[in-house]
Amino acid sequence: MIEFKLPSLGADMDEGTLLTWHVKPGDTLKRGQVVAVVDTSKAAVDVDIWHEGVLHELLVHPGEKVPVGTVLARLLEPGEVAATAVDAPAIAAHASRRAVSPSARRRAKELGVNVESVKGSGAQGAVTLADIEAAAHATTATPDRQTEMRKAIAAAMSRSKREIPHYYLAETIPMANALDWLQQHNKDRPITERLLPAVLLLKAVALALQRTPELNGFFREGQFMPSAAVHTGVAISLRGGGLVAPALHDVDNKPLPLLMQELADLVKRARAGSLRSSEMSDPTLTVTNLGDQGVESVFGVIYPPQVALVGFGSLTTRPWVVDGKVRAQPLLCASLAADHRASDGHRGALFLAELRDVLQRPESLDATATQASVQ
Amino acid sequence: MKTDRETLQKDVLQLLSAIAPELETDAMKPDQPLRHWVDLDSMDWLNFLVSLHEHYGVIIPESNYAKLVTLNDVVNYLQKKRI
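Those sequence lines, one after another, are chains P and F. Here the first sequence is numbered in numbering that gives the first Met the number 0, starting from 0 and rising by one per residue. Here the second sequence is numbered in numbering that gives the first Met the number 0, starting from 0 and rising by one per residue.
Just chain P, with the same shape it has in the complex (with noise of 0.2 Å):
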């Protein structure tokens, strides 16, 4: 038996409140399939699923508040049988016995809300036309999300700056190269085909972090965890104030177009408020971009449990030293927050220096994916 818990969404999320499920006691579930809708503080989450079985019970009702861990459902996994011979018919048997008020299932009808998920408070746990206007009501309620969103935000840095002895180094990156090289790849092409400098910047953090993975990972329970996977968190501030950080993931094996498409979905999805569940979860490094603000640089707080963040300033045309000349370069100021419990400043300086180099060889970005790709 598996049991599908309510997953964190991110180190400022203590609870969540079922809005919908998707599916029903008896369907057959894959990875990665969408089963619920849980509203965080922050919006509200497609929760998706990372274990393959059929679906034997759904323990919480949609317009229930959990905790984070809590069991949502129980799946039986391929090939397993119910514990006793008879509970799986047993469930299809309980559902279409199930008691619901004649009024209440035309109104649920009327609705589109599953009778099956929702918790009944009449004669022996019969749903009520009542439960199934709760029921309905849950799933279009919108808190106030600004303040809630301001809450989860406030206490996760808290967290951070009261757990996490930050260090903070800078490096300014000569952009010339890059500029000339994304001029070039996206002079003949059609304008929904062409880069942004924002996804040179995401592949070169990916790239650069092999050098350093004491940088790519959480700090949990007393020690530091690398991920082999680079799932770079996108800071992403939402039109209504506020801001997300959901992650597109394995950064440093795709190739650089499928980044900007998946860059644009997540930007989009992140403003509409329909996040995946894996996405809120597993960034293990966060990436913040103010330069559209005209901000020279931008030193973040870390989203625990990850162990850095790393921001870019804007790019501005300033002086600097080429071959002994000063000239007008495109330069952009990178910065590295990190985690001293998990890295040294030493280390950290080499991963701003291997960010800087990648840059200067931008043909390297695209190329490393085709590596991949063939290996």
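There's no promise every hint is true.
Said to hold, decoys possible - Heads up, incomplete: computed chain P residues facing chain F, CB under 7 Å, no partners named:
#1 Asn-185
#2 Thr-191
#3 Leu-195
#4 Arg-238
#5 Val-266
#6 Asp-291
Since the hints were derived computationally from the structure, they do not count as laboratory data. Using N, Cα and C, we set each Cβ at its ideal position, and we do this for glycine too.
Let chain P serve as the given structure and place chain F on it in line with the hints.
Structure of chain F alone, referenced to chain P:
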């Protein structure tokens, strides 16, 4: 037939509203830098240009991005493209 300037400006603002739903179009000043005024990051800006491309069929080379700063600039650009 070319679209008159007022209609064009209204349509452009409507496309912009899809990117920035909180935008109060009546308060827009046509000579203000759009990205700063509407708080558009580079992804928002690209999406806005893509929506101009998809709505009007206009091809906007990357080298022309710098010409598009204010609402007036965008409308002028579209008019030059005979929209």
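Against the structure, the hints:
Because the beta carbon of Asn-185 of chain P sits about 5 Å from the nearest beta carbon in chain F, less than 7 Å, this interface hint is met. Interface restraint check for Thr-191 of chain P: the shortest CB-CB distance to chain F comes to about 6 Å, inside 7 Å, so the restraint holds. Look at Leu-195 of chain P: its Cβ gets to within about 5 Å of chain F, closer than 7 Å, so that hint holds up. The interface hint given for Arg-238 of chain P is met, as the beta carbon of that residue sits about 6 Å from the closest beta carbon of chain F, less than 7 Å.
Because the beta carbon of Val-266 of chain P sits about 5 Å from the nearest beta carbon in chain F, less than 7 Å, this interface hint is met. Because the smallest distance between the Cβ of Asp-291 of chain P and any Cβ of chain F comes to about 4 Å, under 7 Å, the interface hint for this residue holds.
Violated hints are absent here; each numbered hint is respected by the structure.
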